[in-house]
Every structure is written in C-alpha cells, then in structure tokens.
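Student: Chain by chain, the residues run as shown.
Protein chains: 6
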Amino acid sequence: MLNKNIETFLDCDKDYETAEIIMFGAGFDSTTSFRPGARFAPNAIRSESYGIETYSPYQNKSLEDKKVMDSGDIELCIGDTTAVLEQIQNRAEGILSDNKIPLMIGGEHLVTLGMFRAVCKKYPDVHIIHFDAHADLREDYLGVKNSHACVLRRCWELVGDGRIHQFGIRSGDKSEFLFAESHTDMHPFGLGDVSDTVKKLAGKPVYFTLDLDVLDPSVFPGTGTPEPEGVSFAELRKAATEVCSNLNIVACDVNELSPHYDHSGISTAAACKIIREIILAID
Amino acid sequence: MLNKNIETFLDCDKDYETAEIIMFGAGFDSTTSFRPGARFAPNAIRSESYGIETYSPYQNKSLEDKKVMDSGDIELCIGDTTAVLEQIQNRAEGILSDNKIPLMIGGEHLVTLGMFRAVCKKYPDVHIIHFDAHADLREDYLGVKNSHACVLRRCWELVGDGRIHQFGIRSGDKSEFLFAESHTDMHPFGLGDVSDTVKKLAGKPVYFTLDLDVLDPSVFPGTGTPEPEGVSFAELRKAATEVCSNLNIVACDVNELSPHYDHSGISTAAACKIIREIILAID
Amino acid sequence: MLNKNIETFLDCDKDYETAEIIMFGAGFDSTTSFRPGARFAPNAIRSESYGIETYSPYQNKSLEDKKVMDSGDIELCIGDTTAVLEQIQNRAEGILSDNKIPLMIGGEHLVTLGMFRAVCKKYPDVHIIHFDAHADLREDYLGVKNSHACVLRRCWELVGDGRIHQFGIRSGDKSEFLFAESHTDMHPFGLGDVSDTVKKLAGKPVYFTLDLDVLDPSVFPGTGTPEPEGVSFAELRKAATEVCSNLNIVACDVNELSPHYDHSGISTAAACKIIREIILAID
Amino acid sequence: MLNKNIETFLDCDKDYETAEIIMFGAGFDSTTSFRPGARFAPNAIRSESYGIETYSPYQNKSLEDKKVMDSGDIELCIGDTTAVLEQIQNRAEGILSDNKIPLMIGGEHLVTLGMFRAVCKKYPDVHIIHFDAHADLREDYLGVKNSHACVLRRCWELVGDGRIHQFGIRSGDKSEFLFAESHTDMHPFGLGDVSDTVKKLAGKPVYFTLDLDVLDPSVFPGTGTPEPEGVSFAELRKAATEVCSNLNIVACDVNELSPHYDHSGISTAAACKIIREIILAID
Amino acid sequence: MLNKNIETFLDCDKDYETAEIIMFGAGFDSTTSFRPGARFAPNAIRSESYGIETYSPYQNKSLEDKKVMDSGDIELCIGDTTAVLEQIQNRAEGILSDNKIPLMIGGEHLVTLGMFRAVCKKYPDVHIIHFDAHADLREDYLGVKNSHACVLRRCWELVGDGRIHQFGIRSGDKSEFLFAESHTDMHPFGLGDVSDTVKKLAGKPVYFTLDLDVLDPSVFPGTGTPEPEGVSFAELRKAATEVCSNLNIVACDVNELSPHYDHSGISTAAACKIIREIILAID
Amino acid sequence: MLNKNIETFLDCDKDYETAEIIMFGAGFDSTTSFRPGARFAPNAIRSESYGIETYSPYQNKSLEDKKVMDSGDIELCIGDTTAVLEQIQNRAEGILSDNKIPLMIGGEHLVTLGMFRAVCKKYPDVHIIHFDAHADLREDYLGVKNSHACVLRRCWELVGDGRIHQFGIRSGDKSEFLFAESHTDMHPFGLGDVSDTVKKLAGKPVYFTLDLDVLDPSVFPGTGTPEPEGVSFAELRKAATEVCSNLNIVACDVNELSPHYDHSGISTAAACKIIREIILAID
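As you go down the protein sequences, you meet chains A, B, C, D, E and F in turn. In short: position in the first sequence from 1, add 279, done, that's the numbering used here. In short: position in the second sequence from 1, add 279, done, that's the numbering used here. In short: position in the third sequence from 1, add 279, done, that's the numbering used here. In short: position in the fourth sequence from 1, add 279, done, that's the numbering used here. In short: position in the fifth sequence from 1, add 279, done, that's the numbering used here. In short: position in the sixth sequence from 1, add 279, done, that's the numbering used here.
Think of the hints as simulated: they come from the structure by calculation, not from any bench. Fair warning: this is a prediction, and the values are worked out from it, not measured in the lab. Don't take each hint at face value.
A pair counts as met if it fits within one copy or between any two copies, since identical chains are not told apart.
What the hints assert, rightly or not - Straight line, CA to CA, 20 angstroms or less: simulated EDC-like cross-link-like pairs of lysine to aspartate or glutamate:
#1 Lys-340 - Glu-296
#2 Lys-400 - Asp-440
#3 Lys-517 - Asp-562
#4 Lys-424 - Asp-452
Between the sequences and the hints, there should be enough to build the whole structure, so can you do that?
Tutor: Structure below.
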C-alpha cells in the first residue's frame, strides 16, 4: 500500500467528526503595511512542524491524545479584502455551528476580524485576550479601515468597552494608547498581568488572538514588523498555557509569522511549538 | 553648507518644470498571487542605482544630459485596491496634462491599469507594447478581477482588439493563449519579432509596459513569480532600446522587481540598468 | 464541506488505479559529498509548484489531462544507506508490477540505484539516459561504494557496457572519463547529441535519470555540487522532451535539487517546470 | 502637487535653522578588521525607520515634537582614512559652531575619532560615555593606528585619564584591559553601573558614543564583529535613556550596524528604535 | 620567508608532542533527521575564530598560554556510518594513548558515540555530562539505531545506569523521558543543577559532551533542530566553565553547529567563544 | 599519525622550492566603492575548492601534475592603503626574484597595483591583459587616487600607452572611454577579440589580471559591483585558456569575488574553476 501525501501539522490528523479542535490556515497578507509574506505561514508551519516533538515535557501531554483536525487552508480571494473576510467568517461559522473550536493560523492579523465576526454572533458576551507588540487600535491606516493596524479597533466596534484585554503592547501612535485608556484593558510591555485577567474571566467565553510579534525579535525575527524589546519564549509559553488551560477558549488564532524573513527557521519553530502548547492546554 | 538628503534614481534630479520625464514609484503588491514584496522596488532601485554609472556605452549617452525628475513615491492606500488604482491614475493624469512623460516604477503589474486609464483618456488611439513572461489575460483570478494576473485583460477592455502587442510570453493557462489568438497580438517565447511591430507602430502613441520577469530567472531572480527560460539581458536591452528610441512613447512602466528575493542584488542592478537605458532611449 | 489538506505537485491528484504515472519523493541525502539538503526537494517542489501553470505552451498540453498521482514521500531510514535503497526498490517494484511508470523525485543521485534495481529486474534490456554535470562513475568515494559519486558505476554493474548513455558531463576525475571510454556512451559537455541516441533507442525500454545539476549554476544554483558551464533551461527542456516523447520511458527520476541553497527559489521553479514538461511528454 | 522624494529618519525633517539636533550619516568602514558593510547603515536606518512609530510609550514623547533635522550623509573619500576623518571633523565643527547637537550615524567606530576631535576643541572638559562590546583601546591594529580597534585609545590621547567611561566591554586583548585599569573608567560586562556615573557627570559636557554591538548578538546580529553574551535591548534602552535625559549631551554617535549581515532586519529595527529613544531623551 | 597557510582555531598551533589538548574535527552529519550541514562546522569554526580574541576577560586567561594543537579534520567515509564511527574511535584512541585530552568538534551528535567507545575503554568508570536540548535517548529512529537521536542511549548501553548526567533537556518523546527516570540523571529545562553534580563527580573521569542546541535558538539559530526556550549564552558559559575547571575532563566534544543555517554568523561566533572558554577552563 | 590541518586550494600543496607557480591571497577591500567583502575571497576559494575536481576535461590535465604552492594569505594592514600595496609588492618581488610565477587571489582590484609595481620592475616591457566589466581608468574616485576604480589608470602611469589590453568592458563614465581611445587598447563588451591580441603579444611578458565581474551577474552574483550583460563562463574559460596557454604569463591575479553576496556559492565555484583552468593552462 502506498503512502498518502497528506501533510498536516504534527499529528493533527483526526477526522472532522471526531475532532474537537479544527485548525485551518488563512494565508492573507494584503493589508500588511511593512513587510508582507504572512501568507506563507500555514504551509511553513506544517512543513517545519516535523522538527519538533508531539510530546510536551512542560505539560506532560502529547498531541496523539488530542482530537484535532488540521483541515488545510482556505483558498482566499487575494486582493479583495472584503471577500476574504467573508470567506474566513464562513469557515469559522461552520466550525462553531458544529460545536467545535476553530484554531486559525494567519496570515496577517486582519484575519482575526473575519473569525471574530463569527465568534461574537454565537457568543455575544465573548472577551478577547490579545497578545501583541502593537496596539492595532487605529481608526484607519492611510485611509483604509480594514487594515491589520486597525483590527482590534474593528473588533471593539463589535463588542464595546471592557471586553478586549491587551498584553505585551509596546508600539502604537499616541492616539492608540489614549484610546486604550478609555476603551480597552491594556497591559503594556509585558505579560506579567495575565494571571489577574485569567481569574476575572473564569467561565466566560474567550477568544484568544496571538500576534507572534509579541515575542522579542531575537526569538521571532520572521515577522512583518519586528519591534524590539518583546517577551521571551518562556514568558509567552507560560502565559498562553495559563490562558488556554484555565479559560473557556471558544476560538483562537495565531498570526503574523512571515516565513520568508525567517532564514534560520527559528521563528517557524517557535510558532510550531507555541501552537502545540496551545492545543495541549485547551481542555 | 550641508548636504541635502535627497535620494533619487542616479542623476534624475531636475525640477518639475524643466523635466520632460517624470519618474514615480507605485509600491503596490496586494494582489500578488505568489510571492509579494514588489512594494519595496522603488526604494531599492534608488538605493542601488549608486552601483551603476549614469553613462551608457551602448548608446553613448549620459543621464546628466537628460531632463528627468524622480518625483518620489505615491503614498498608497495599501489594502484598498480600488483606491490605489485611483491614486495612480490621478498622478499620471497630472503629469500627462503637463505634457510630460510619466515613468512609473512598480510595484506589481496591476499598477499598469491605473496609469493606463489615464493614458487612454488622453491618447484614445494608444497601443501597448508589453514585455512579460506571463500573458496576464485572465478574466479573473480566484474571483478577483483587479489582479496582477488579469491586468492586460483589463487594459484590453479599455482599447479593444489589436492594440496590445505582447512579447516574451511563456506562461499562462490555456484560455489566455486562446484569448490572445483572437484579441491581442501575441509573440510568445522571445523578443525577436519586436522590430516588425516597431515599424508598424511608427508615429502612434505607445505605452510601454515592462514586466521584468520577461528576463530569465538567472538574470532576474528577485521577482514574485520566476518563470524559467526567459530572455537574456542583452535581448531585453536591445528590444527596449529599439522600442523607446523609435516610437512615440507617451508613458512607460517597469514593474515586478521584488527586492527581498534578490539576495545578491543582481535583479535590482538589472532593473536599474534597463531603466537607465529606457530613459536614454526615449527621445 | 471543508477543504482537504492534500498538497500534491500541481494537479497530479488522480487516484492510484486511474493513474498511469506514479510520482513519489525519496528525500535521501546521506552520501552527499559536499552540500547536503536534497532531502528537502520533494516537499519544496510540491509547495512551489503553485508558482507555475499546469499548461505548457511549448507542448500545448495540460496536466489536468494527464493521469498522474503524486503519492507522497517514502519515510526513509535516514542514516542506513542499505535500508534506504531497499525501501526505494520496494516502492518502485510495487508500481512497476501494476504496469505503471514510477517517477521518483530525489534526493541525491544515489536514489537512482534503488529504483534501477527494480527496473532492470522487470526490463533486463533497459537502457539508461543520464543527464548530469558529473560522470558519477567512481569505483568508490573515500572507500564508500554506495555513494552518489558512484551511482552510474553501480548501475553499470547491473547492465554492463553500452547501456548507459551520458550527456552533459563536464566534471569527474580522470579515471571516470577513461572508464567511460570503454564502458559507457558518454557525450560530454552538452546535450547536442541526444537526437542521435533517441533514434537508436527507439522502441527499447529506457530509464531516464536527470541530475538537475546538468543545468548551468546560474539557472540552478540550489544543488549540492554546482559545476559552472552547464546547459541552459531551453536546452534541457528540448532534450528532455525529445527523450520522453519519443522513447519508451519505463521509469524516470529527477534529483539533486537542494532547496536550502536556493534562496531565490529559481532552482525549485526550474525543477517544477521540467517535471511538468517531462510528465506532459511521456505518452 | 507632487510628492517630494526626501527620505529622512522618521519625522526628522525640520529645517536647519529650527533644528536643535542635526543627524548625519558617516558610512565609513575601511578599517573594519572582520566583516565590513557598516557603510550601508545610514541608508538602511532611514529606509527601515518606516517600520517603527514616532511615538515612544516608554517616554510618552513623540518625534513630531522634537526639533531634529536629518541632514543626509557625508560623501566620504572611501579609501583615504585621513581625509575621511577630516571630512567628519569639518561637518561636526559646523554643527557645533551653530550651537546645535550633532548626532552621527556610522559607519564603523573609527568615525567617532573625527567627530570627537571637533567636540573636544569646543568642550575641552568633555567626558565620553562609551557603550561597546569591545574595549577599542589597542595602541595599533596590525600596525595601523587609525583603526576601529583603537578608536578610544586615540580619543584618550586627546583628553587623558579619567575622562572615558566604558560600559558593557566583554572583549579585548589582555593589554587593553590592563590599559583600562590605569587610564579609563571601565565597567566590564554590563550596563549596571551607569547610574553612578550619570550622577558623577551631572552638568558636565558629555559625548555619548554607542557601539551597537554592546547588544547581544541575538538582538543585534547585523554587525561586523558579533560578540556573544551582550546586553538586552531593555538594558540598553534604559541605560541610554538615563544617560541622555540626565546629562548635558553635546554630541552623540551610534555606530557599527552592518545591514548586509542583518537578513531578518531585526538589527536595523533595533538601531532605529534606540536612535528614536536617544533623540527623545535628549532634552 | 613566506607565510604558512595553516589555518587553526585561534592560537591552537602547538605541536603534537607539546600539546596537552588535541582538537580535531569530525564533520559527519549523515543521520541528521531534520536539517543537515553540521559537516561544515569544523571549517567554519576555524575561519570565524578570527572574529574573537584569544583572551578571556571572564577567566583572565589567554589561549597563547595553553598547550593545544588543532590537528585538523578526519577525512570521513561519508555515507558509511559504521566506518565513520570507527574512524573517530581510532583517532580518539591514539590521542588518549598518548595521555592527551581529545577535543572533538562535530558534526552531528552521533560522533560522540565513536569517541565515547574509545574513552570508556580507557576509563571504564567514566561519567558523561551532557548538555543538550534533546534527550537523544531513543531506542531507534525510523529503525536506525546509530542515529543522532539515539546517541546517549547507545552510550548508556556501554556504561549503564547512573553514569549519564543530562542538563537542559527540553525535547523528546514521552518514552525518552520515562527512560531517563530509571536510567539517567536528567535535569530538564535548564543548567541550574550543574553545581550539585560537579560536587558529586569530583575526582572522577568525566566526558563532557556539549550539543550546542542547548542554547536558545535566538543565540544559536544555526543548528539542525532548533528548539525554542533554551539557555542563554551566559548560563552555558558559566556552567561549562564550572564543569571543565572543577572536574577531571578526559575528553570533550562540541557539536551540532550547522553553519549554512547561520546566515548572520552569530551561532559560529558562539561556538568559537564557548570552545575558547572550555579550553581555558580545562586545567 | 595525525592529519595536518593545512587547507590549500585543491592539490596546490607542493613545497616552495619545487613550485613554479606560487599562489597567495591578498584579502584587501578598503577602497571598494559599493559593496565590500572581497577580503573573504581567498579563504572561501580554498574551502569551496573541495567541490570541484582537480582534473579538467576541457584541457585533459590535472592539478596533481602541476608544480603549484598555495602559500597562504598576506596578513595585511587593513585600513592603510599605502602599506598594503607595499606588502603586496614585497611578496610579489620575492616570488619573482626566485623566477616563479606569482598568482594572487584578491581582494578588490586595487591589489593589482601592488603586484604590478613589482612585475614592471622586473619586466619593463610587460603588457597587461585585463578582463573586466569596468574600465577602472578614472583619474581619481571621490578624490582618492589609489582606488579600485582607478587601478588600470595607475598601471598605465607605470607603462604608458599601448601596453594595456582591455576586454569585456561595459561600464565606466564617459571620460574613461575617451581616455581608453587614446591610451589603452580597449575591446568593449565581449572577449571575442582576444585571439588577435594573443597573436600580437606572442613571446612578450604578459600580466594577466582577471576581474571576475567580467562574467555575467547570473553566473557570478557574488561581487562588489555586479554589472548586467557580461560574458558567459564558457566565453571566459576559452579566452583565459587561450591567453594563458599561448602567452608568456609572468604574473596573474584573479579578483573581486565577494563571498558574502554569494549565498548560493555559485560565484565561488566559478572562481575555483577558472583558477584551476588558468593554472592548468600556464605552461
């Protein structure tokens, strides 16, 4: 019998009916303001996941024991932002309606908007936990509203004040930090305050959106807009594990890996490992 | 007295009133289907032009003697294709209304559509000479009509049959080659037939659009969609010189350099040199 | 319904029963004497095939119309050369016994030995057409007999004099060229003599083994042992098409792409395009 | 009206009369002993500054509010070290005589000598605060006295003992460390002692020279001589901010970025961010 | 008199009779499961050692004062794992029989097995101190027993329980961690417990094997299998210095640098610096 | 017995007395106007020569049979151009006084001046055959006379009109081409006219200086100033072989490889192969 040529993220090869978590890739990067290429992230993450183990010594768990399906990438209408957001929303709605957890691999951060539209329809009381170097709270970017630089602002328009919890933010223009003072729960510079927020959100539905550039550029150089003085991998792993193992995660995304700036492969390795830890942590 | 920090392409530093050719950059790449990054081309071309001379021993002419202004880049609304095309069209209309020749540096090939809209308003009888590896004649690409893969099809809609002269084409789907049979003047694979076309178009207004991936990938690796078996630099230089020195060029663009795939810098050097030769050839 | 995450080479997604050509990857590179990494070639070729079209304007044929299955990669016992050669032989024997044509993507050139063992069992009168920069005729390399530098010598031991037809060879030690004078049909430096050989081998079973480093390093830098002064892509395409469309190809392999030295991607693009042309040419 | 093609560091586009800080580039690297290329730093810093914000959440200040002119690069006599040092000295003297603060972007570290000659003429009691991985205190390097490996020794010859305060030094030959014991105020390995020095130098004129290789190579790989076990970006930012906001900075330079070894761009991003913080900190 | 073209690691150019430590390279990487290329490490380490000093300010010692010979590389039978291990064993036995300390530069980690066979013949009571990201305790890897993923398991077979002390381990499959519980002295995740082990092993013969991927990938990207969340350079330097200056080191190896993934050179610089510190620490 | 750690170019390991050709490296690049790094060429050429054979099928000769010593690199006073030129001149004079042929590996092209000073002292009637993309005939470059852009002008000052034969030149400013009309024997653009010159110079002493950027950048990207539309490797090999096998070569240099821009290694491979062919051709 011949091998099947099915490449999935590590052992995430369960069938759809069995799976409780459904991964999919959304390789969109058309609004990237600086260095594009996040479109290649889902493919790179699958290929390079071969370099890490399915077992986590941190959690003493293994992906073989999890019910996860890597369902491949959406074939996106590159160049038409509106259509792309609809495609993502449709995919997420399908998964949510089957009472499964969508785990989206971007792509630039704007992809979050598509999935969050689906999530907040099903869970109107959802909170967002947002790890990022950038505030992403601009009203518009060079006149464009559906830009990766505005994505949390667009999400805020859907749910309003007090529902977005931002960590690790260390870059933005002054207006974004002012906006955050009134409208979001921003904890700039680090992830140290995550535990308090986790306690407060116990039991509530939570969307976890992870912009990997929250990591220090030394750990994660392969991204569109590297911002010095980020968090270490250990800090991210611990905070992400705490969020995902203690809260009711209803959807999750991991974005902004840009593999063509990752010449040494360490950024992709970091993406693979944090995705593994997130999956293992989600109950 | 202090230096001015004005970086221009080689010696293209005349003022607007004096200049007969106005260069500008249009660093757009949002519809790129494969590898993005053409947005960085105008900046790279300016920086790296330092490595070549202003004098051409081929034409025995020098850029110091030409009236050219490098007017910088348009700050584009990245992420909103419709708006970007309008911005480009506006810039080109301004230059054309002053009876100057716009020379646009892309960006991906879709930028041509913005400028061609301006050109065919002023010159309804304009012909296009198109050097490219790809036919760019699709009706749509994944449902998107304003895509770099469709740009000549969109131009054809503006001027109709017999006005687009394509050279060097060696890639496309079958439908594009069939479309070309009826609607464009396609000379696949090489640039050998350019002389005949130049004779036929004598005196007519001509828009010259140069997709640099017409070059062989060995000569021009730094592009979004490298297609093996292209033309040599000498073939391109001779054909472009013939077109520009013998015809009434009313507008011109050079596109699809993607500098982040040009690790050795040879693609950018090739772009700089062909732009120099084009400027020197335009009378 | 969800997308399937099946990545294949272009449209080579027929099922096994239907398919007449069965592709598979053999990502082995343990005997590489200089720069390893050919193990990554099958995966890179699948991923990057997205950048080329399924249609060939050279042959006016399209992969959609061919019965080809990309059956994925053999999971090889990296580090145990003997076992790896057996794994490859077994795979090839399975395909041959179903009267299909195996098309193997290496990997380093030694993989040919595994498949050729299977082929010459079924076709004892098989001839080899071998395109390469290197003669690969050493008796041993640093004492190792099963080395990529010896692979054609090992094949010769299976079939004897006059059955190996070598083209493009421009590197070897003196003993290899002397060996070739007596034992193989070597046409050094170029592919110009292919037509004569094609005529002579009409009707006979032919194994076509293509070491991509026959190409000039400017066209194909991403390989373990780049050897200057190779053939152009056009020369390779024409010769390979002539071989595959006129002869009775019973098996074929394409090897020695080393993607991690292919920073610009042009080598992988060349590999994809020549594989497309080979498939389209095989009747 | 057309855009002007003036590229400056972020918003440092005030005119000369208004500006209080005058930036200029000195892209010299001819004495580099290991990996050259610092010549490209000023250009890279300008281009890549687009990726960071003008606003600092650390200092709650913005570059728009600062009076800074980026006056471009000196066109240096590459290959003639003596002449280059004079060119730099002349530029610095002009700025200092207008009672403005020169901020020089190297180039290799030897450029400091040119500017320091100008500075210690105007401020004979000036102190140097020197952040670096290397002591730069050799009497000569392979017989050459005006070498980047000797630059602080040359500065010491101008001002004598007790005026050079060195931090972060973790590399040198034994003689340099012995020299430092008697002649400079060296604090090896880290930046922890900066606060004490800042207190002692209150009110005195200070030249701040920052060799960016004081950073750990993981944070700043793009430099001529990467030296493991450096300081983190946070440590550098805090120390540099303390120096520049509390002391009377009369001149400053930032050097030793070598962009062609910065494939991922993170070193250039770090350079841009620390320059922003330095400008914002200088009162 | 002409220069000799002898390239050695820094000043390790003593003759064999004088030398107490004998360096040699073993550039083998055929069993590497993910990214090969460690074969190039010895050469890269020699070439790039030019960028660091011979003097250590940490230990206040200099290589000029040490009796070390860099004896060059073994010319290995690439492709024949069994033969390669014998070649390494023979080289080590020669050095050990002259009562000198062999210091081997890999290559992948399997090279340790060759040298350890020699070492445990001479020192049957030898202990291993093992710094690594990976446990390397698999029974086999894809059916291959002599794989870099199994090397410590093979060493365990030679000496039995309680003799292997593992530090920094953060990756493996579940069976390896279970095996370690019963058979090795594993201290996962960091190097913090080294001091205790150093105390316990006082006076005993110790083989120190350093897989450089114990370092964080940000510090050491150039390796076959980068594993996020490793130790810092300072942590490694302190632990390695403690091991080598306090224990009876009878043999040592440093492995798994893969220079072709080290585009910026920082991994090679880290390798050079830690080798310098190890040599200086060995009494 | 232990291996010696002597790395030489291929088999060029004869002792000085025996050798008829003495290779040495001169890794100088301080006057490079664009991209430095030629200093790394001698080392790279030695390391990478491992990838080519000692036997040439073009000439049917082998390096084992030639009396050549690779004598290593001069340790140059980087940063002091005058001293460097003297060091090179001294080395060449020593070799010439022993009636051997010096073969210098640059470095940038200015190194030729040092060696040519020695050569024209011994051979006042020497001619220069110069292959290059650039004329190198400027009177000065930014005020610097000893610049790589002026090196043939400086040589001309030593020997006067009619003694410099230039081939392949395709770049320069207008004044250089005018200078060449009166003072040198320039054959621009290609190497086609070499045969005529070879006939004219029969029996005369000839210095052959090969700037490798005469090659097309596709073949030789790794150089400081890549200039499109160069010659192919075959053209260079044939012309260089004709020059070296038919003329009385008294000294030779090969320069302007800049390995850090040669990511794929093909430029270094080309340099190695042409050096092999030159050595084999020199009688």
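Student: Next step is simple, just say for each hint if it's right about the structure.
Tutor: Going down the list of hints, with the structure as the test:
{"no.": "1", "hint": "Lys-340 - Glu-296", "in the structure": "neither (22 angstroms within a copy, 40 angstroms between copies)"}
{"no.": "2", "hint": "Lys-400 - Asp-440", "in the structure": "within (17 angstroms within a copy, 50 angstroms between copies)"}
{"no.": "3", "hint": "Lys-517 - Asp-562", "in the structure": "within (16 angstroms within a copy, 40 angstroms between copies)"}
{"no.": "4", "hint": "Lys-424 - Asp-452", "in the structure": "within (16 angstroms within a copy, 35 angstroms between copies)"}
Consistency note: the structure conflicts with earlier hint 1 alone.
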